[in-house]
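Just so you know, the sequences run in chain order A and B. If you want the numbering used here, it's the position in the first sequence, counting the first as 1, plus 69. In terms of the numbering used here, the second sequence has 419 at position 430, counting the first letter as 1, and numbering is strictly consecutive.
One or more of the hints may lead you astray.
Said to hold, decoys possible - According to the in silico footprint, chain B covers these stretches of chain A (three or more CB under 8 Å from chain B):
| hint | stretch |
| --- | --- |
| 1 | 125 to 131 |
| 2 | 141 to 153 |
| 3 | 156 to 165 |
| 4 | 173 to 183 |
| 5 | 212 to 225 |
Hints in this document: simulated from the structure, not taken from any laboratory. For every residue, glycine included, the Cβ atom is placed at its ideal position computed from N, Cα and C.
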Amino acid sequence: MNAKNFNTDIIAGLGALGLALVFWFAREPWTPLSARWPNAILVFIFASAAFLLVRAFIRPERGPIFDEGSKLRMLIAAALLILWASLIEHLGFMVTSVLVFYGFWWYVTRAAKKVEGDTSPISLFAYLRAAVVTVLLVGSFHFIFTKYLYVPLPRGILM
Amino acid sequence: MFESVISGLMAVLGWEALLLVLIGTVVGLFVGSVPGLTATMALALLVPFTFTMDPLSAMVLLGAVYVASMYGGAFTAILINTPGTPGAIATSLDGYPMAQQGKAELAILTATVASVVGGVISVIFVLLLAAPLTEIAIRFGPAEYFWVAVLGLSLIGALSTGSLVKGLMGGAIGMLIGTVGVSPLGGESRFLFGTSELQGGVNLIVALIGIFAVPELIRLSATAMRTVSIDYSKGGEKLSHVFWITCGRPFNVIRSSVIGLIVGIIPGAGNNVAGLVAYNEAKRADRDPASFGKGNAQGVVASESSNNAAVAGSVVPLLTLGVPGSPPAAVMLGALMLHGIRPGTALFVETGTLAYGFIFSLGLAALALLIVGVIGGRIICRAVCTVPLGFLVPTIAFMTILGAYSMRNSLVDVFIMVGLGIFAYVVRYFGIHAAPIALGLILGPIAEDGFGMAMLQGTARFGPDQAALALFVNPLSWMLIALTVLTLVWPAIQNRRGRKRMTSGSVE
């Protein structure tokens, strides 16, 4: 399968330009002591973004993007991480972690079977084993962190 | 002095001290291999347990945890491309490609032996040269810190895979992220984007977990294929072979250990910088620099020997001046003071047994890594390489979220970690890689502090128009500038030499 090659200079240049503009307009009237360093960095990013944009039209670097594996699975993995971070405050660390961990296990196991060409469904034993492992792993780390490392993990609905 | 050295050695050769070394090594290994758990956190938690111990036993236990946690960072760096500690960033550059080539166990064992050798070499140097090395360390002022950071940033050239401009841009983005929060000199809040939660800035460990672990996690999910493996076709890795890899090129391991020791002595620079500087020097000195970053075991040797040597280095100013060279050393300073001991030059005279015993115990902890690391390393390595992908991916995700949260008990840190991770995953496709961003994050604040302080000193000394002169007046600054220039021009020199060699070869 031939992956399409993109002009990565133009994407990196525009992305860096956008990032630098966001930070540039977030500046406030700081004293020179606070302003000098971030200003210098922003000017450098502007300059290198301009260089990349010029190079993009002369001798651009080209390469495939997001070509490793399935784009859908990539998006779902990122979404699951955001979901995990978002639910902790509401459901608590323990409940969220058990639920998302189990969901992650199901999704990745299914995907791995598909990639290996295994069409059989996930067995009931595998579901049960994963549930036990999930609860044990999350529970043991929760216990160590709250009881021995004094990290107050959010309790959420377990309050 | 000789009597104190002998009595210190004898004090740590008792069964009680040896047991403490072993316990400390196991605890440290666990702490180091979990991203987000830091040596500082582990030491701070252990200090209360040392109240009832005698001062030497307490320091032996804490020292062993510190040494082993530095080494433990290599495990995740090699197996999941996520440095367990900032000091292991350079380890991942060659360790992870080795693991992808089926040499996961070889990479882990190489890291183990290099850590042991680096630890032992540094202890020998500390025993012989503690006083003169401290003399150098106390000459470091703001200008020298600035140049150390610039030297570190010049390594971006060595760390960049692909375009140098994109590497430098990655470094600048890392430095920009490092400016979020309260300014170290002006005291004003910068780039809060309307959220007071960003006042505390972006925590280094949280950012590192994000930019290294999350992209790997997304990639594993997207491909649904294992990326690291062990090649069992030739049986397990033999330790003698690993020793040959590590010590077969003695110059690399000795040079890296000495770099680690010196960088470790400089308060504030620490093992984060040591591994990167040693890696760059190893790459520069190697006959085949192009093989670095593609699974060259000498890269792992350089990084691991130097970051473990930095541990002994950081205790030199602690013991001789009472100035801790790193955050974990600061906790150890607290532990010493809790036991009624005030570090300083008098420490070696009044309580020589304690001072030398502690230094020897660091060497013993390094040796203990050989036992704990080889056994634990093989187990962890085989577990990561054989555990089903369905469990591996959520376990990594769980550890990253738990680690990010526990840094400051903050959910904002979890969001920062996930956000930076997704950002790092995306920009990697455009040629901006994680290592230069990490370098910028680590060195940006050091450079800003050093530059600002030097300019203030320069204003007072030379007037506001010539304040920048303060950056150039000290011979140590000249040395660092020369090293920076050398680092920048060396690749060009090497290219030219290579071309000449090729031309003469074709003529013959």
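Against the structure, the hints:
no., hint, in the structure
1, 125 to 131, "violated (count 1)"
2, 141 to 153, "holds (count 9)"
3, 156 to 165, "holds (count 3)"
4, 173 to 183, "holds (count 9)"
5, 212 to 225, "holds (count 8)"
Checked against the numbered hints above, the structure violates only hint 1.
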